[in-house]
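Assemble the complex: chain A is given as a structure, and chain B must be docked to it using the hints.
2 protein chains.
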Amino acid sequence: MKTVLDLKPLVAYLREAQHLSSAISMISWDQETYMPPGAGEARAEQLSALEGMTHQMRTGPAMQRLLSKWVDLKSGTLDGEWDVPSRALLREVWRDYDKSVKLPNDFIRRYGKAASISQQVWVEARKKSDFSLFAPNLRTMVALKKEEIGYLGYKASPYDALLDAYEPGMTVAQIAPLFASLKKELAPLLEKIVQSPVKPKKDFLSLSYLPERQLAFGQQVLEAMGFNFRDGRQDISAHPFTTSFHPTDVRITTRVDEHDLLSSLFSSIHEGGHALYDQGLNPDHFGTPLGEALSLGIHESQSRLWENGVGRSKPFWKHFYPILQKTFPEGLKGVDSDLFYAAVNSVQPSLIRVEADELTYNLHIMVRFEIERALIEENLPVEALPTVWNEKMQASLGLTPDSDANGVLQDVHWSGGAIGYFPTYTLGNLYAVQFFNQAKKELPDLIGSIEEGNLLPLKGWLNEKIHRWGRTYSSEELVRRVTGEALNPRYFIEYVKEKFGEIYQFS
Amino acid sequence: MKTVLDLKPLVAYLREAQHLSSAISMISWDQETYMPPGAGEARAEQLSALEGMTHQMRTGPAMQRLLSKWVDLKSGTLDGEWDVPSRALLREVWRDYDKSVKLPNDFIRRYGKAASISQQVWVEARKKSDFSLFAPNLRTMVALKKEEIGYLGYKASPYDALLDAYEPGMTVAQIAPLFASLKKELAPLLEKIVQSPVKPKKDFLSLSYLPERQLAFGQQVLEAMGFNFRDGRQDISAHPFTTSFHPTDVRITTRVDEHDLLSSLFSSIHEGGHALYDQGLNPDHFGTPLGEALSLGIHESQSRLWENGVGRSKPFWKHFYPILQKTFPEGLKGVDSDLFYAAVNSVQPSLIRVEADELTYNLHIMVRFEIERALIEENLPVEALPTVWNEKMQASLGLTPDSDANGVLQDVHWSGGAIGYFPTYTLGNLYAVQFFNQAKKELPDLIGSIEEGNLLPLKGWLNEKIHRWGRTYSSEELVRRVTGEALNPRYFIEYVKEKFGEIYQFS
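From first to last, the protein sequence lines are chains A and B. Counting in the numbering used here, the first sequence runs from 1 upward without gaps. Counting in the numbering used here, the second sequence runs from 508 upward without gaps.
Chain A with its partners taken away, still in its complex shape:
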């Protein structure tokens, strides 16, 4: 039986390619954090040049030579007997390779150029709140995605080809019933919340809170989570994100608003959850799929587990609220921990996805999922989007956007062609609760330790059960291995029913 050791030349090559990819990540990080404003044009040219080199390294003759020693490049069939890790490594390397070579160079260039222009037009259109400015570019992007689907191929739905880029193996046939059952439960639950006479007070969250102190508190929470500042850092950027150059160099960003006590804190916890995943990957496998995160959905499960499961929980605030109150004695004067907990978990239908609460967030995702399917599967014309969007928002959330900017133009994703990405956010929410539920079973004192501010047992459990495996297993296999069953929305549904039932007093 052959092992990863037999793959030495391939692994060495992949590490080199990954160092180049990490250079791209660092340059992108710099672009969002420290780049002087005049450098934008040269930076775009640089990124495009380096991306061309990476693509060449990952699909060119050198790669083909190395990979074809063990894998049939056409079918992906392995040659010889391999142990589990090396079989996974070859399977996933081939998967990436196969996806990349299917796309003609000419298509990649056209796509890159169109996406770059489309994103710029989207920025302008959103500023002017005028979808018609953006429609021609979006039409181009949708056409390009359909062309891409033609190259990639699919079995049941053309949308599956797009989903697969973000959540490998996931299909419409799996997601559609999952989302339907979720919606069936969330809609009446939201109705109950909206009808409830309980309205958590939260005006105090927008008093004045010194940014430096917000950041210091966030850092304290990150340290408690086990984010390793020896192997990472936090900076400021316009939009929070996590990036990783190596498990020993994982960086998160946040933004801080004096009049929003929660924004920076929850962004730090959210990105911190992503970062723990990246810091928890096995550095010995750096550059190979065994040292890479599994999927966007699993990645998002880590951020959501920390942000919502931990950061919006009673046990967490039992320890941290007194500290927060000491940090901001004026702003939080007279706010007791129950009041604060309710404010942090207040549910309210709203127009903007990124500002949505834990519950309605998923309804926002479903609006996008339905529209994406219609665009790809049913050739819904792009022009119809504002109307369709507004109708779906009204039906799901009882609100009709007052403008395109607050409606169909709010998200950047489609402008760059990221269709099929949105569902991973809700998948992340579902995975998160299912994982957390399992952790509570396996670590009987988990809640007790969180109440004491000790978050390390949870981090250790996630390291052990999820992070260290990289892409050894598929998402489906991983969920089964960790929780003993397939992805099941029941855990999420029970969790929100119980939590919001208590807060809104109708359980």
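Watch out, some of these pointers could steer you wrong.
[Stated by the list, open to error] In the PhoX-like style, the derived pairs of lysine-lysine whose C-alpha atoms are separated by at most 25 Å in a straight line are:
#1 A:LYS113 <-> B:LYS515
#2 A:LYS69 <-> A:LYS113
#3 B:LYS620 <-> B:LYS609
#4 B:LYS606 <-> B:LYS515
#5 B:LYS947 <-> B:LYS972
#6 A:LYS8 <-> B:LYS620
[What the hints assert, rightly or not] Facing chain A, a subset of chain B residues (Cβ under 8 Å, in silico):
#7 MET533
#8 ASP537
#9 ALA549
#10 PHE736
#11 ARG737
#12 ASP738
#13 GLY739
#14 ARG740
#15 HIS753
#16 THR755
#17 ASP756
[To be verified] Pairwise CB distance ranges, derived in the manner of DEER restraints:
#18 B:GLU558 <-> A:LYS318: 27 to 33 Å
#19 A:LYS69 <-> B:GLN571: 25 to 31 Å
#20 B:LEU512 <-> A:LYS69: 40 to 46 Å
#21 A:ALA216 <-> B:ARG617: 46 to 52 Å
#22 B:GLY587 <-> A:HIS239: 51 to 57 Å
#23 B:SER575 <-> A:ALA176: 56 to 62 Å
#24 A:ASP6 <-> B:THR540: 36 to 42 Å
#25 B:ILE954 <-> A:PRO329: 47 to 53 Å
#26 A:LEU73 <-> B:LEU512: 39 to 45 Å
#27 B:SER575 <-> A:GLN56: 50 to 56 Å
#28 A:ARG65 <-> B:SER575: 56 to 62 Å
These are computed hints drawn from the structure, not numbers from a lab. By construction, the Cβ of each residue, glycine as well, lies at the ideal position given by its N, Cα and C atoms.
Then chain B, alone, in the frame of chain A:
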């Protein structure tokens, strides 16, 4: 007559390669500024991987194919009739190519590894102030440099092959008499200064000066110099340096010490001078030699011109001293501008090069130049270095180091194999004064504008005369074109005689 436009495919390729080189520069910048401490090992591996890729791009088959269309790869002879810029471009690209391919891959690997270890050992040896710990590694580095000379070849002296890497075209035959004539003048001048009863007071420079205010003042000076913060930035690092990713992204660093008013300021002006060169390169020629700095000596001339010619001049402080005094009213109470000017220009033989004044600095360089020649030309054994060093320091500066750390171990250069680098510092000093002298002739109101704090005429002149030409001309040609004659130490000698004669009152 063919032009640069005929070289389009080569230029496009060189730009791509330069984008990769700039990625290396950014990663190195990050290493010195923001990298988390745990990332060192992965970072070293990444840099080595990317350097291998750059070397491959610049010497491999793709490069050969492109370059050989117009240049005979063996001899460097151009094919066809070319205008001045394209001739320069091809000449310099071939020069770089030829130097790179002469070194076998195996040698580059051995050298890289030995240099990396040697630098680590040097850090330890300096910490323990024990040259004998470092001697074996230095012996290896000297042997490797000799091996390198064997690959590169030379005409008159083997040391020329090393010089050429830092100051193309420069030879021992040119430098040795230049340095000798300089030394002949500096030694008696220094003697007069040491004997002078005038001893500028400078204890006030080490009072407490708030770091943030120091940085703000330095930034004000950088802005006055015309450093463009739209196309660059300043950060903090342990050792100040300048790096450039593109003329629109030039970064300098500084360090700041509460008890040293001059350290951060003069480092900012020095690095600012380097940065103006890099920001002044022609962005249309980015990636080709026409858009690159000419040599270390010319680069250093820009930093020294600003640091010493401007920053240690009376006209400069006429405008800036009142501002500095307002910034630090306590520390500079009772210090008038004459006293401050004398303190800034105080001359005193000392042990450490980087802390040396404008005059004795060159004597430090000559000690190193003589030892380097002896190592390379006369096979001076490495073991003899501490003794030789101390003797030469005593002979030149009248001081014998109290320890290896303050003597032969003080500089990082040799540990990494940078032999032949030191002379460019003094060449920079000489070029600087000769250039500045010419600027004063051509801009009759130059001093007047500096006295008003308007440094932009000087910047504009340097942009026009030096920066925008890149590597179009050799250093020798450039100096002739700008000043009408070859490099001439007379200007420097006259400058220091006049300046220090006045300060020390013996002129």
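Structure-based check of each hint:
1. Restraint check for LYS113 of chain A and LYS515 of chain B: satisfied, since their Cα atoms lie roughly 21 Å apart, inside the 25 Å limit.
2. Straight-line distance between C-alpha atoms of LYS69 of chain A and LYS113 of chain A comes to about 35 Å, which puts the hinted pair past the 25 Å bound.
3. Pair hint LYS620 of chain B plus LYS609 of chain B holds up; C-alpha atoms about 19 Å apart against a cutoff of 25 Å.
4. Of the pairs offered as hints, the one joining LYS606 of chain B and LYS515 of chain B holds, with about 23 Å between alpha carbons and a cut-off of 25 Å not exceeded.
5. This hinted pair checks out: LYS947 of chain B and LYS972 of chain B have alpha carbons roughly 13 Å apart, not beyond 25 Å.
6. Under the criterion of a C-alpha separation no larger than 25 Å, the hint pairing LYS8 of chain A with LYS620 of chain B is consistent with the structure, at around 21 Å.
7. For MET533 of chain B, the shortest C-beta to C-beta distance to chain A is roughly 6 Å, which falls under 8 Å, so the interface hint holds.
8. Here the hint on ASP537 of chain B is kept, as its CB sits about 6 Å from the closest CB of chain A, short of 8 Å.
9. A least Cβ separation of about 4 Å between ALA549 of chain B and chain A falls short of the 8 Å threshold, and the interface hint therefore holds.
10. The restraint placing PHE736 of chain B at the interface with chain A holds, with a minimum CB-CB distance near 7 Å, inside the 8 Å limit.
11. With a least beta-carbon distance of about 4 Å to chain A, the hint placing ARG737 of chain B at the interface is held under the 8 Å criterion.
12. Of the supplied interface hints, the one on ASP738 of chain B holds, with its beta-carbon coming within about 4 Å of a beta-carbon of chain A, less than 8 Å.
13. Annotation: GLY739 of chain B was flagged as interfacial toward chain A, and the flag holds, the nearest CB pair being 5 Å apart, inside 8 Å.
14. The restraint placing ARG740 of chain B at the interface with chain A holds, with a minimum CB-CB distance near 5 Å, inside the 8 Å limit.
15. With a cut of 8 Å, the hint placing HIS753 of chain B at the interface with chain A holds, because the nearest CB-to-CB distance is about 4 Å.
16. Annotation: THR755 of chain B was flagged as interfacial toward chain A, and the flag holds, the nearest CB pair being 4 Å apart, inside 8 Å.
17. Given hint, ASP756 of chain B at the interface with chain A, holds; its Cβ is 4 Å from that chain's nearest Cβ, closer than 8 Å.
18. GLU558 of chain B and LYS318 of chain A have their C-beta atoms about 52 Å apart, which leaves the hinted 27 to 33 Å range violated.
19. Checked against the given bound of 25 to 31 Å, the beta carbons of LYS69 of chain A and GLN571 of chain B, roughly 28 Å apart, stay inside it.
20. Distance hint for LEU512 of chain B and LYS69 of chain A: a CB-CB separation of about 45 Å, consistent with the stated range 40 to 46 Å.
21. Checked against the hint of 46 to 52 Å, the pair ALA216 of chain A and ARG617 of chain B passes, with Cβ atoms roughly 49 Å apart.
22. For the hinted restraint 51 to 57 Å between GLY587 of chain B and HIS239 of chain A, the CB-CB distance of approximately 52 Å keeps it satisfied.
23. Between SER575 of chain B and ALA176 of chain A the Cβ separation comes to about 59 Å, which falls inside the hinted range of 56 to 62 Å.
24. Checked against the hint of 36 to 42 Å, the C-beta distance between ASP6 of chain A and THR540 of chain B comes to roughly 41 Å, which is consistent with it.
25. Between ILE954 of chain B and PRO329 of chain A the C-beta distance comes to about 59 Å, which lies outside the given range of 47 to 53 Å.
26. With their beta carbons about 41 Å apart, LEU73 of chain A and LEU512 of chain B fall inside the hinted range of 39 to 45 Å.
27. The supplied range of 50 to 56 Å is broken by SER575 of chain B and GLN56 of chain A, whose beta-carbon atoms lie about 22 Å from each other.
28. At about 26 Å, the CB distance of ARG65 of chain A to SER575 of chain B disagrees with the hint of 56 to 62 Å.
Checked against the numbered hints listed earlier, the structure breaks hints 2, 18, 25, 27, 28; every other hint is satisfied.
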